[in-house]
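Q: Each chain, letter by letter, is given below.
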Amino acid sequence: MALPPSRRPQGRPAPAPGVLRRIDDFARLAFPGVSTAFLMVLAAAPIGLPSPVFAATLPCVAFWSVFRPAAMMPPIVFLLGLLMDLLTLAPLGAGVLALLALHAVALRFRRFLVRQSFLAVWLAFCIAAFGAATLFWALHSLLSLRLPPLAPALHAALLACGLYPAIALVLTRVHEAMLQAENAP
Amino acid sequence: MIRLSIPLRQALARLSLPLMIAAAFGVMLLGKADTLLAERLRTHLSDALSPIYAALAEPMGAARSLVEEVRALATLREENALLREENERLRRWHAAALALESENEMLRRQLNFLPEPAPAFVTARVVADGGGTYARAVLLATGPQHPVRKGQVALDERGFVGRVTEVGSRSARVLLATDMNSRVPVTLETSRARAIMAGSNGARPRLAHWPEGVIPVEGERVVTSAEAGAFPAGLPVGIVRLSPQGAPEVELFARLDRLDAVRLFDYGLQGILPPESVARPEPRAGRR
Chain A
1 MALPPSRRPQ GRPAPAPGVL RRIDDFARLA FPGVSTAFLM VLAAAPIGLP SPVFAATLPC
61 VAFWSVFRPA AMMPPIVFLL GLLMDLLTLA PLGAGVLALL ALHAVALRFR RFLVRQSFLA
121 VWLAFCIAAF GAATLFWALH SLLSLRLPPL APALHAALLA CGLYPAIALV LTRVHEAMLQ
181 AENAP
Chain B
1 MIRLSIPLRQ ALARLSLPLM IAAAFGVMLL GKADTLLAER LRTHLSDALS PIYAALAEPM
61 GAARSLVEEV RALATLREEN ALLREENERL RRWHAAALAL ESENEMLRRQ LNFLPEPAPA
121 FVTARVVADG GGTYARAVLL ATGPQHPVRK GQVALDERGF VGRVTEVGSR SARVLLATDM
181 NSRVPVTLET SRARAIMAGS NGARPRLAHW PEGVIPVEGE RVVTSAEAGA FPAGLPVGIV
241 RLSPQGAPEV ELFARLDRLD AVRLFDYGLQ GILPPESVAR PEPRAGRR
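One line per chain: the protein sequences are A and B, in this order.
Its first residue numbered 1, the first sequence is counted upward by one per residue in our numbering.
Its first residue numbered 1, the second sequence is counted upward by one per residue in our numbering.
In case anyone wonders, no lab produced these hints; they're calculated from the structure.
The structure displayed is predicted, hence computed values, not measured ones.
Treat the hints with caution; some may be incorrect.
[Said to hold, decoys possible] Here's a subset of chain A near chain B, in silico, CB distances under 10 Å, partners left out: (1) 45; (2) 71; (3) 97; (4) 166; (5) 170.
The C-beta atom is built at its ideal place from N, Cα and C for all residues, glycine as well.
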């Protein structure tokens with residue numbers, strides 16, 4: 001690769017943030033989206049159980065939307081929703097909209113939720129999960145023009161409520177580690 | 001990387017959510033407009049993900065077998081109790097069988113009973129269903145070295161199948177008990193009454209000509225009878241079932257709809273042999 005000969009910088013440029021530092025920042029930024037996508041792919045693995053993709057996605061998106069909205073941006077939520085639609089055989093767009101709605105609600109109440117205890121956040125998440133599942137079901141029925149049974153959607157919401165503490169426990173650790181890393185230097 | 005002013009960036013951040021929601025509706029429309037698109041995307045995605053799942057297959061299999069193991073352990077106790085009970089019952093039957101065998105032996109000794117010779121048999125593969133003169137018949141592949149002859153009795157692993165009616169040099173045809181032309185002399189095992197089992201081209205042959213005063217009972221075992229010297233006595237045939245109209249029929253032990261090999265027993269009986277249905281040219285003298 002030949003470097004362009006012109007534009008030789010005049011004087012020494014300001015020391016850029018180190019490569020390691022940049023990689024670190026980028027990893028922190030990318031971690032929520034990538035980890036959520038990875039978890040979804042794992043959850044979609046065929047193990048003979050009813051697919052827990054929806055239930056595994058909701059807690060991750062809600063957690064990161066509340067505690068680290070800079071990393072869980074709407075475009076990332078959009079892509080995660082698309083991935084969910086593709087993994088769960090739902091009509092395209094249903095999961096995207098459900099996740100975006102969850103994200104919007106989480107953003108709207110995040111200032112209030114960040115200060116609350118874990119139990120209160122869990123309770124709020126349960127309500128939001130049921131809302132998201134109902135929205136998902138409604139969009140599903142609207143897009144496929146027939147009424148799928150409501151029970152699986154509610155089961156998925158219940159499963160999401162049950163998975164939330166386990167996922168939030170791990171993610172809280174990660175989040176605290178990230179905060180420490182950001183505040184350290 | 002494009003440098004943007006802070007207010008512009010904030011405005012973009014604020015706009016991105018409504019933009020993404022609009023895009024979600026766009027995706028919905030796109031998915032409705034082109035239904036194959038989602039299928040294609042899914043195929044690409046699963047193509048990309050299949051190595052991951054292939055790598056996961058081993059630990060997932062282990063996890064699944066662990067779950068199965070736990071489930072099996074949970075049912076082990078009641079299964080054990082069930083098996084113990086069944087074992088007890090079988091042991092009683094075993095004792096009864098031994099007692100009956102010794103009694104039988106003793107009675108035979110006292111009566112000077114002529115023992116029957118163990119019949120010779122060959123096993124032949126069923127190669128074709130139907131065809132030929134009869135509606136319910138199967139074709140067997142027999143080698144030229146096997147001495148198959150007309151009138152041999154065909155049984156599968158469960159019971160009576162039919163009788164050999166035509167013999168070629170490499171094949172033999174067996175008329176099944178369900179064919180309309182099949183008439184088999186049978187004995188009802190509990191009442192020892194003789195009857196004729198007549199095929200009807202259906203799955204269950206009918207019973208006919210049982211003696212007066214005897215009524216075939218549902219569930220009674222039916223075995224062949226040695227009447228007319230066409231069959232040996234006591235081959236298992238089936239169970240009496242009453243049709244919806246109340247006519248007694250025989251549910252055969254043999255599974256005639258999925259025959260793959262039958263045993264041809266030669267009892268040396270010459271009672272009634274089926275007529276030559278196809279005039280076969282005599283083999284030329286020079287060949288012999």
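Q: Per the CB criterion, is residue 97(A) less than 10 Å away from chain B?
A: At 4 Å from the nearest chain B Cβ, residue 97(A) passes the 10 Å test, so the hint holds.
Q: Holds or violated: is the Cβ of residue 45(A) closer than 10 Å to a Cβ in chain B?
A: holds (5 Å)
Q: So, residue 170(A) near chain B? Judge it on the closest CB pair being under 10 Å.
A: With a minimum Cβ separation of about 19 Å from chain B (threshold 10 Å), the hint on residue 170(A) is violated.
Q: Identify whether the interface hint at residue 166(A) stands, where standing means a beta carbon of chain B within less than 10 Å of its own.
A: violated (17 Å)
Q: Would you settle whether the hint for residue 71(A) is holds or violated, based on the nearest Cβ-Cβ distance to chain B being less than 10 Å?
A: violated (13 Å)
Against the hints set out earlier in the document, violations occur for numbers 2, 4, 5.
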